[in-house]
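Chains as they are written, first to last, in our numbering: chain A, 1 to 356; chain B, 1001 to 1395.
Treat the hints with care, since some could be wrong.
Claimed, not checked - Facing chain B, from chain A, some residues (calculated, C-beta under 8 Å):
1. E138
2. W162
3. W164
4. A170
5. Y177
6. E182
7. P186
8. Q190
9. M195
10. G199
Claimed, not checked - Covered stretches of chain B (in silico footprint by chain A; criterion: 3 or more residues with CB under 8 Å from a CB of chain A, positions within the stretch not fixed):
11. 1049–1058
12. 1161–1169
Hints in this document: simulated from the structure, not taken from any laboratory.
Just so we're clear, the structure is a prediction, and the values are computed from it rather than from any experiment.
Glycine included, C-beta positions come from ideal geometry on N, C-alpha and C.
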Amino acid sequence: MSELFREATPEERRLYYSKEWKPENIPEFIVDTLEHREFGFDHTGEGPSDRKNVFTDLRDLEDYIRATSPYAVYSSVALYTEPQEMEGWFGAELVFDIDAKDLPLRRCQDLHESGRVCPICLEDAKELALDTLVVLREDFGFEDIHVVYSGRGFHIRVLDDWVWELESKAREKILAYVSSAEEITPGDLQSNRIMLSSGYFRVFRLRFGYFIRRVTENHLKNFGLSEKQISDVLSSVQRIYRDFVAEAKSPLVAFPSSLRRPPSRSVKRSGLMILLNASTTFSKAYFDGKVTIDVKRILRLPSSLHSKAGFIATYIGTKEEKLRKFNPFEDAVPDFRREEVKGAYEEWLEEHGDRL
Amino acid sequence: MLDPFGEEAKRIVREFGGIEALLERIPRYVGIDIVLERVKQWEGEIPERILNMTPHEDVMSFYALLGALAFSPYGAEMELVKRTNARIYRERIKRSGEITGISIPLKKIEKGEIPDRDRIILEKPRHEEITEEEREKLKLKYKMSLPSFLRLWEGSLKSVYIRKGNAYLREEQALELWEKAFERNLERSVNLLYELRDELPPYYSELHEKLGEIARKYFKERIGGFSGEAQPLRFELFPPCIKNALAGVPAGLRNYAITVLLTSFLSYARICPNPPRKDVRIKDCISDLSVIEKEILPIIIEAGNRCKPPLFEDQPHEIKNIWYHLGFGLTDKPRLEDSGNSTWYFPPNCDKIRANAPQLCKPDSHCRPIKNPLTYYLRRLYIESRKAGGGGDNE
């Protein structure tokens, strides 16, 4: 049986970099700042140990990649005056990394263990990325956003002028906002702030929307909800999504009334507060926070081969529509795996396609 | 005037020909007692006379304080000036009814900018139980673009209404931001003036002395605070250039890094972090040489030994040079009374370090407002003492 994801052999890497890879596929925003970025290479599959490389000319980068056919190629999100020393930092992109293999809440939990990837969790990662784009554009007013398929997830790279100089602390705040990492309080419900059409509470509802459509009976049991509350929630998922997430109605209307009480006498918090904050527990982990906060990070180079997954890190573009239409099993497959992935994907669709 | 760093103040400073010219002329126009009134009002009502100063009087008396602070940046004096003057301007801003012409880019909110439903939730106009005064406090009156906002806001983004690239603010939130900007502007100005302190008229050192008396009295009675006085060295708060020099440097850089930079930095940081004047001598600050011999010299020698090749192995006479830079003349057997035989070298400014030893200068985020490694250290001590709840004279 052919596999959807598998490690590329050294021979396949050579084939890819000699016949298929073109430097023209590296996005312009990287080429334009080439001489200010640090490049890292992983030649063995054990991590990018070949660091602090600089290329002032794209042809030099091309030569180096073709000559070494590396396992992975990375470039810094930061720009430096002396990238070979990682000194003279003068700014970094603002990056959000959604890795499908690490998603804490997936619809495919019965299909494979955590740490692996399938079309369903990639679709889930895409949904998170799309919600993130909405927040970045509408709340923060960002206009220069680029989306990249990383090989097993998505990188969202913001390049607007004012992000470059942001310090780690400010990036941390933006991440907490975008991932709705802060808990909701009873005061947020009583004051109706939870129903605001913009700001943190709108982001919270978006993330809650993702959560409520994936949460299982087991999760709800673990949160400590009562039997009655669990069955009420599971039978009202569509209504909760429509009323609370999409229409921002009051939780008193949108949620089953059984949630207004604590699940048992020994618990103080209402079922509703437990449910809302369970979403936050998960949403904090949708992003790899280190990537956002670390202003000297290196990130997989778009156009390079993700040798572990056997896919191409592919530049998708700046528009939501492009991301929506993007299908990694068609748009990020190296030629040497084209037939193999096609067969494996068809097989997978036949078996699980209805769950996509 | 609502902000000594706002547009109107800037215009007045320009009228005088810039900040240096202004500081030259202030002693002729404003008496020290009038300036000191600004820092004596830390409790109770602020006298109307201070609140109603003319813009020129206001600028001159405030900038006089900045000139005095140049003699002890990040000391208790700065804390005193910050707190009392922020209170004065805050009160003026409140009285003026709207915030305009200040140093932060606040804009008034246009009608219809916030959806009605959101406004009703945030401002609670239908809650009859809320008093008019409370309702006024809930009103979103200003907005600030997120790039500017994020530079100043220290809280979480959950507590602010964010929409289309702007943070929408209540008056109290706007004032909080203004105060943060005021503190930063004050620090920045004092750092600039630090370089000029030796050229300032004696008026400012006299004012600084009196400020120190008030600050000591105030902070003794209150919560403590960083005194800016001599205390054991805290290596973790040293600037990157000093840490790099301590780690040892290669040939070609050793004399500058060890003899010039480390010697001056460590001695001033340990013995006299806030020198009252340029020609200060070590014997003015300590009564015997033990602090130099037991604390400072061993650090310098160890750093010299970490150099490649070790500095004092192939240049043993360099020890004499260290004493020379400490102000004892060229000797290896100094006595306290020799202090003053040569100049006690002050740590070079950042631009000098960058020019002479660019390898040492690897700025971190604390370097941003800083122009001299010693003020970096003083600033970090000051921040640490604030973190420790405002208490913490570490001596």
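The hints, checked one at a time:
1. For the restraint placing E138(A) at the interface with chain B, the shortest Cβ-Cβ distance is roughly 7 Å, inside the 8 Å limit, so the hint holds.
2. Taking 8 Å as the C-beta contact cut-off toward chain B, the hint placing W162(A) at the interface holds, the least distance being around 4 Å.
3. Annotation: W164(A) was flagged as interfacial toward chain B, and the flag is violated, the nearest CB pair being 10 Å apart, outside 8 Å.
4. With a least beta-carbon distance of about 5 Å to chain B, the hint placing A170(A) at the interface is held under the 8 Å criterion.
5. Taking 8 Å as the C-beta cut-off, the interface hint given for Y177(A) holds, the closest approach to chain B being about 4 Å.
6. Interface hint at E182(A): satisfied, since its Cβ lies 5 Å from the closest Cβ of chain B, which is below the 8 Å cut-off.
7. Taken as an interface hint, P186(A) does not check out: its beta carbon lies about 15 Å from the nearest beta carbon of chain B, beyond 8 Å.
8. Taking 8 Å as the C-beta cut-off, the interface hint given for Q190(A) is violated, the closest approach to chain B being about 11 Å.
9. With a least beta-carbon distance of about 6 Å to chain B, the hint placing M195(A) at the interface is held under the 8 Å criterion.
10. Interface hint status for G199(A): upheld, as the beta-carbon distance to the closest one in chain B is roughly 5 Å, under 8 Å.
11. Only when three residues or more bring their CB closer than 8 Å to a CB of chain A does the claim for the segment 1049–1058 of chain B stand; here the count is 0, and the claim is violated.
12. Only residues whose beta carbon comes within less than 8 Å of a beta carbon in chain A count, and the segment 1161–1169 of chain B has 6; three or more means the coverage holds.
Checked against the numbered hints above, the structure violates hints 3, 7, 8 and 11; every other hint is satisfied.
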